[in-house]
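**Q** Read off the chains here:
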Amino acid sequence: KAGVTQTPRYLIKTRGQQVTLSCSPISGHRSVSWYQQTPGQGLQFLFEYFSETQRNKGNFPGRFSGRQFSNSRSEMNVSTLELGDSALYLCASSFGGQGYYNEQFFGPGTRLTVL
Amino acid sequence: QQPVQSPQAVILREGEDAVINCSSSKALYSVHWYRQKHGEAPVFLMILLKGGEQKGHDKISASFNEKKQQSSLYLTASQLSYSGTYFCGTEMEKNRDDKIIFGKGTRLHILP
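Protein chains in written order, with the numbering used here: chain A, 1 to 115; chain B, 1001 to 1112.
The hints are simulated quantities; they were obtained by calculation from the structure and are not laboratory data.
Note that the Cβ used here is the ideal one computed from N, Cα and C, for glycine as well.
Partial pick of chain B residues on the chain A-facing surface, computed with a CB cut under 10 Å:
hint, residue
1, 1002
2, 1005
3, 1030
4, 1034
5, 1036
6, 1040
7, 1044
8, 1046
9, 1047
10, 1053
11, 1098
12, 1100
13, 1102
Produce the complete structure using the sequences and hints provided.
**A** Next comes the structure, spelled out in structure tokens:
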């Protein structure tokens, strides 16, 4: 069974630009969550999508947005990039529905560097 | 409400035991444990639910004190492969629709 995949693996952007990251969940998983990981801060929750709807949202500015498609693939967009957005962005998938354990299966991440 | 993990870091010799703690100020429905090795994605270790259900790897043990909203991960007879950063994640809603909030992690280093 294929794991969670994320593309691209590395990105270098400059301040003010925008970026789109992609995540393909494990087949059959309907929930996709996005996390920002920076040294010392652990995993900061961005948002979660379930069946194409945003189900939960973290405390990030509106520059961070996402969406989920009918095949459960998800994209995350960051507009007007700032230096502080440099981080590893992880997505995680799970079954997400009632009656399932909600363990998260993480992708390898996208390393974003903002210059 | 980010859970608090302790200790922040620990160094052990191979074969020694370790306990990593996770506490929350809010009532919890579940606690997750993950391990992340350097340069890799976090990997699921265990989930403990309110009421006693749990699911995880056979060689990993953990507890969940519902009254204190605390969980502990027990690593016994540690091996070199146990090195990494351990994260606990917590869910606060009964209906599972709540987000998982992770602690800042506990760095574990095993010496030969």
